[in-house]
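K.L.:
Below are the chains, spelled out letter by letter.
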Amino acid sequence: MQTKRTIFGNKGLPYLLLAPQLVITAIFFLWPAGQAVRQSFLREDAFGLSTTFVGLRNYRALFDNPEYLDALQVTVVFSIATVVLSLSIALVLALAVDRMLRSAGTYTTLLIWPYAVAPAVAGILWWFIFNPAIGILPFVLEQTMGYDWNHNLNGRDAMILVIIAAVWKQISYNFLFFLAGLQSIPTSLREAAAIDGAGPFKRFWTITLPLLSPTTFFLLVVNVVFTLFDTFAIIDATTGGGPAQATNILVYKVYDDGFVGLNLGSSAAQSVILMMIVMVLTFIQFRYVERKVTY
Amino acid sequence: MVENQRWLDIFAHVILILGVATVAFPVYVAVIASTHTPAAFMSGTIPLLPSTHAPASYGDVLAGGVAAQMSVPISLMLFNSMVMALLIATGKIVISIISAFAIVYFRFPFRVLAFWIIFITLMLPVEVRIVPTFAVIADLGMLNSYAGLTVPLMASATATFLFRQVFLTIPDEMMEAARIDGAGPMKFFRDILLPLSQTNIAALFVILFIYGWNQYLWPLLITTDSGYYTIVAGIKRMADVVDSEPLWNYIMAVTVLAMLPPVAVVIFMQRLFVKGLVDSEK
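Protein chains in written order, with our numbering: chain Y, 1 to 295; chain R, 1001 to 1282.
These aren't lab readings, by the way, just hints derived from the structure by calculation.
Zero decoy hints are in this set.
Derived, one-sided and incomplete: chain R residues facing chain Y with beta-carbon distance under 7 Å: (1) A1102; (2) R1107; (3) E1127; (4) D1172; (5) P1185; (6) N1214.
No farther apart than 35 Å at their CA atoms in a straight line, the calculated lysine-lysine pairs in the DSBU-like style are these: (7) K1187(R) - K11(Y); (8) K1187(R) - K1275(R); (9) K4(Y) - K1187(R); (10) K1275(R) - K4(Y).
All C-beta atoms in this analysis are idealised placements derived from N, C-alpha and C, irrespective of residue type, glycine included.
Take the sequences, apply the hints, and build the full model.
P.N.:
Structure below.
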């Protein structure tokens, strides 16, 4: 690992400097994670009086449980929809801002501020707009298409609601990185293509999009992480996983089974599965960053 | 711009105006709603034009006691959120900058191990291991305290990596010169490293302030005493009961207050914010 040519010779000082970080990591990160792994192999009775070692049974029970498989499916649908929508909308906006000369700064400011809005707050805002009784959009849907919107009863409506809230929250982030990516593409390339007779759309498909692929890939990973974990607050502040588990994503289920259902063994097994997913994603992200640094 | 195509420019403007409007729409609705009386939400649809009830809405929620679920004054929640955001941002930066200093400027046994332990925190987001983490806090008696709200969130791999990168770009000659002049490690840290990483610290502070302010699950779980409620977690507790009694103007006033500080930070410190965001993702 990289270090300086010359270093300080102190023996105890570096440990002292690292101590706060390592102590917090050990107590609040490693120990609970270890507990989750341990509990995932145990079964606790309803009163928490005795625990028995059950091996992989908690895991096997999960994959035999239709509710868990449902949550898995809900998570996949939610993630894919949110990632695809937020990336494509952000890309279109970034392409448009990239064309602007004088107004680029103003548009950027007006588009990035939702980054600062908490996911829970974003959820509440859309929850209000879509309120089945007095909300604006259900009213419009009713008037124009005769559609009776109700996210409290209809699972698909609830899913659309949380997707919209998540996409709204994430556009600003993706937009900023796409814009930075676009601005790092040398204009000369696009000019050369234009001289050769390529129109704006041809230039987008053959030059801009391929050169943007590192940014896109990076955003893909970050957004998947966002939809898997940070959207907890959106779900909890709006649908609470309902109606009938229609928006019960994996990370919400860990919480729900652990705190509400008090099924610690199952919740711990779910935690461990999620940790493994994060590990894979982090690994992919760092492989990619490594490559970016070298070229 | 590569070539002048008028229709494409107009098209781009239309898209952007639509985008800006869509992005602003929910907040517009919230602000408008907060200017009405509760009666406006009894029937019909949400009002789209402002009314005059704003001072009353905001005054009432800030003072507290509007309804049973809003007994806690929002001003107290705002204060708690501010304390939490500032403590988390400051704590993360202090802890990370000294760890990075240790890792870059010293060579000692278990250095690489320490680096990897810090790295692992990236893979353990709090939502994923929430149940056992809550148990640790409960065992340590840290429920309902500012320490419980902030300390467990202070470890930061991202910030440590960021400062490590910054330190690695600082020329070795700086340190050699400092040593020849007789500076010890802490003097070098204070008089050379800190001033050189000023902008990075500021940029990171902006991002971490937003991060701390927007925490949701953590404060929701570990504060049961209303004296420690934070505003982002508090909204949910109010909104839960709102459908039975339409106090939407109050809820939306609280929502606007919850957004205001972090959004103001992004708008007024945009340059630092963008730098912080890009830096912390490398």
